[in-house]
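J.: So the chains spell out like this:
2 protein chains.
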Amino acid sequence: MKPYQEMSAAELSALKDELSQNFSMYKKTRRKLNMMRGVPSDEQLALCNEMLTCLSAEDYKAANGTDCRNYGGLDGIPEMKNIFADLLEVTPGEVIVGGNSSLSFMFDNVAVNMSHGVRDCEPWQKQGQVKFLCPSPGYDRHFAICDYFHIDMIPIAMGQDGPDMDTVEKLVSSDPMIKGIWCVPKFSNPTGIVYSDETVRRFAKLKPAAADFRIYWDNAYAIHDLGETQVKIQNILRLCEEAGNPNMPLVFASFSKVSFAGAAVACMAASMSNCEYISRRLIVQTIGPDKLNQLRHVRFFKNAAGVMAHMKKHADILNPRFRLVQDTLNRELGSLGIAKWTEPAGGYFISFDTLEGCAKRIVSLCTEAGVALTPAGATYPYGKDPQDKNIRIAPTCPPIAELSEAMEIFCAAVKLASAEKLLEDK
Amino acid sequence: MKPYQEMSAAELSALKDELSQNFSMYKKTRRKLNMMRGVPSDEQLALCNEMLTCLSAEDYKAANGTDCRNYGGLDGIPEMKNIFADLLEVTPGEVIVGGNSSLSFMFDNVAVNMSHGVRDCEPWQKQGQVKFLCPSPGYDRHFAICDYFHIDMIPIAMGQDGPDMDTVEKLVSSDPMIKGIWCVPKFSNPTGIVYSDETVRRFAKLKPAAADFRIYWDNAYAIHDLGETQVKIQNILRLCEEAGNPNMPLVFASFSKVSFAGAAVACMAASMSNCEYISRRLIVQTIGPDKLNQLRHVRFFKNAAGVMAHMKKHADILNPRFRLVQDTLNRELGSLGIAKWTEPAGGYFISFDTLEGCAKRIVSLCTEAGVALTPAGATYPYGKDPQDKNIRIAPTCPPIAELSEAMEIFCAAVKLASAEKLLEDK
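Quick mapping for you: the protein sequence lines, in order, are chains W and A. Residue numbers for the first sequence follow my numbering, so the first one is 44 and each next one is one higher. Residue numbers for the second sequence follow my numbering, so the first one is 44 and each next one is one higher.
A couple of the hints might just be wrong.
Copies of one chain are not kept apart here, so a pair can be met inside one copy or by any two copies together.
What the hints assert, rightly or not - No farther apart than 30 Å at their CA atoms in a straight line, the calculated lysine-lysine pairs in the DSS-like style are these:
{"id": "1", "residue 1": "Lys469", "residue 2": "Lys403"}
{"id": "2", "residue 1": "Lys104", "residue 2": "Lys432"}
{"id": "3", "residue 1": "Lys71", "residue 2": "Lys432"}
{"id": "4", "residue 1": "Lys345", "residue 2": "Lys104"}
{"id": "5", "residue 1": "Lys104", "residue 2": "Lys75"}
It should be emphasised that the hints constitute simulated quantities derived from the structure, not laboratory data.
Can you build the whole structure from these sequences, using the hints too?
T.: What follows is the structure, encoded as structure tokens:
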């Protein structure tokens with residue numbers, strides 16, 4: 044079929060009618076299919092079922108003698124710190140291990156900086172209207188934290204190498220009310236792009252106007268490669284240290300998509316000085332994270348190499364799903380000139396760009412046909428995609444047969460919405 | 044021996060020399076004994092060792108079909124909510140289940156009220172200098188939260204029936220900047236007293252000057268009875284509801300001293316309207332608590348009756364320890380007129396009052412002899428006991444032989460410090 048944009052109004056009108064009639068069939072047989080969030084599939088979860096039984100009734104002590112059943116150990120047991128340190132290529136002293144959710148670490152960090160300030164600086168909230176840079180499309184939960192704390196969000200364009208660093212540098216060095224930036228440096232959510240070495244170097248060399256500017260480096264997909272060889276990114280902690288900005292980056296990671304999303308272990312990595320500072324708050328805030336669950340992770344994975352071997356099994360399960368999405372998109376939409384999408388080498392998402400003004404309509408059509416997608420706009424600050432064109436596809440959770448159906452419906456919705464739009468514009 | 048206060052200066056001087064010489068022996072053989080914090084003993088922890096293995100590789104679903112390995116379930120799995128609801132005599136809809144630490148719930152609640160306000164009220168921090176009432180002696184971690192948020196702490200005297208309610212009522216009804224009060228209503232930390240029915244009724248009927256006044260009801264020892272029959276307290280949620288103050292109380296509880304202190308499940312109970320309100324924040328703050336650990340608790344305890352049966356086993360382990368402390372104190376100090384102490388029917392502490400001005404000296408002597416105690420003053424706001432007389436004894440953790448030694452040294456320190464003090468005052 045020829046590209047839609049080359050069609051005449053009459054051709055488009057006929058096409059639209061045909062597509063609309065086809066789509067009404069999907070609405071009638073309304074399925075319940077979900078490509079909404081980056082959720083592991085049953086198959087993936089089953090990879091760790093042994094973790095449910097890997098402790099024995101006599102196995103509850105960490106290597107340093109800590110009884111994991113009892114109080115203590117605010118920053119994690121040594122073995123778990125070691126695993127995170129090895130995976131993130133930092134030292135164990137630069138790691139604080141937490142509970143089930145790295146999002147909580149991020150939220151808390153923003154919360155404390157708002158109320159108490161970064162280290163010895165004035166609380167953010169006392170300094171005026173706080174602003175964060177938000178590379179977009181990005182992760183809706185990052186934006187939700189800003190929203191919650193009434194932090195102004197400034198969208199930054201995302202390119203193939205990461206955020207538009209010219210703009211980032213210009214803004215960060217000139218506006219002291221810019222206090223943070225959200226980054227998912229590897230297999231970015233949702234675009235799947237990987238920050239280039241040059242991008243990370245430019246991050247490390249930022250000269251912020253604000254002494255209390257922080258890089259929120261959410262390395263959520265640090266080890267979530269789909270390919271055989273691991274994609275490497277530059278080490279933000281080391282580069283910042285070299286550039287004289289040792290306390291600027293705050294790194295977050297978790298096992299949510301390594302072990303169990305519902306019972307994982309999260310961590311934060313930062314300069315030892317930052318860790319020491321953050322621990323002073325932790326002692327007021329909590330009696331500590333679940334240490335037995337840390338021990339469970341240690342027993343199951345043994346070490347970082349064990350984790351990496353495990354990630355290959357995840358890749359084996361995820362690869363056919365990502366391939367199916369790419370194949371379907373190529374087959375159904377490849378020649379029509381109405382969409383572009385990413386082909387990530389890892390992570391959990393495919394970022395899909397429609398014609399301008401079509402994203403909401405497509406998501407809405409899919410909903411009518413029983414296919415749940417991330418709400419259009421969710422990948423932008425305030426839930427507002429200025430061009431209404433980005434859709435996040437999350438292919439990990441549905442069984443492959445369901446994913447196939449969902450993608451078929453999705454492509455049908457894209458075609459219909461595009462034909463409608465182009466006809467409208469004629 | 045006759046009461047110290049009836050002794051002449053010469054008698055006291057001779058006594059002091061003798062006690063001092065005796066005590067130097069303890070200093071030489073400096074042991075490592077710990078009565079510092081309310082920590083469960085190895086024996087208690089072992090009661091739950093089966094919980095380490097109670098899930099199987101096929102057992103990960105909650106009764107409603109929730110896969111506890113995956114995302115979801117911000118407020119807890121239904122079975123765990125039911126158990127907390129039954130234990131606290133509330134409805135499951137009034138319960139939010141969290142992670143390992145009820146302290147985190149309290150901290151977060153204060154944090155959000157400071158930064159965002161109670162429901163639709165102005166944020167506390169925008170209203171002026173926030174004040175909390177702090178029944179004292181009380182729990183140092185409550186005071187630490189106030190301290191962290193620069194909340195003024197107003198000590199309230201504790202009597203046999205709970206806080207001095209005349210003062211509480213007067214202050215709460217007259218000062219709109221009083222936004223909260225910390226309560227441990229059953230087996231209060233450290234006095235062990237139980238709020239009388241009348242006290243709880245008066246709490247429920249408070250007429251706060253502030254619409255955003257909240258009762259922080261830390262029911263940490265709700266089921267931690269030492270005796271055969273359970274001590275009952277009035278239901279704060281129900282009484283507040285009846286009094287037209289349904290949203291005033293926030294109840295906190297946890298399994299830290301039921302299952303594993305290092306891997307427990309905490310909860311918050313409040314009006315359904317409050318729970319709904321709080322959940323709106325949770326969705327921004329976290330991906331959710333560890334649901335597998337909830338399931339582990341459910342499988343191990345089965346239901347509230349199972350929990351109560353389990354608590355009897357704790358009591359069997361704790362009773363000899365509490366008896367040993369009482370016996371030692373009676374034997375060594377009973378006739379000397381230099382101290383008073385509580386004899387709680389549950390909880391984790393014995394509150395010990397020395398002669399005025401002796402607490403710090405006693406704790407310091409004990410430290411020199413290798414017995415770690417809660418720092419003197421810790422049971423008061425700002426760590427300042429105005430009369431320097433309260434010491435919290437935590438007898439639960441040491442093996443009974445060590446506890447016996449520790450108490451012997453403690454009593455020797457009390458005698459010496461008292462003789463010194465009385466001589467000084469002559």
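J.: It remains to establish, for every hint, whether it holds in the given structure.
T.: To see whether the hints hold, each was checked on the structure:
1. For the homomeric pair Lys469 and Lys403, the shortest alpha-carbon distance inside one copy (20 Å) is at most 30 Å, but the shortest distance between copies (86 Å) is not.
2. In the homo-oligomer, the alpha carbons of Lys104 and Lys432 never lie at most 30 Å apart, since the shortest distance is 52 Å inside one protomer and 38 Å across protomers.
3. In this assembly of identical chains, the alpha carbons of Lys71 and Lys432 lie at most 30 Å apart only when taken from the same copy (26 Å versus 77 Å across copies).
4. Proximity of Lys345 and Lys104 under a CA criterion of 30 Å is satisfied in both settings, with 15 Å inside one chain copy and 26 Å between copies.
5. Within a single copy, Lys104 and Lys75 get their C-alpha atoms only as close as 45 Å, which misses the 30 Å cut-off; across copies the closest is 21 Å, which meets it.
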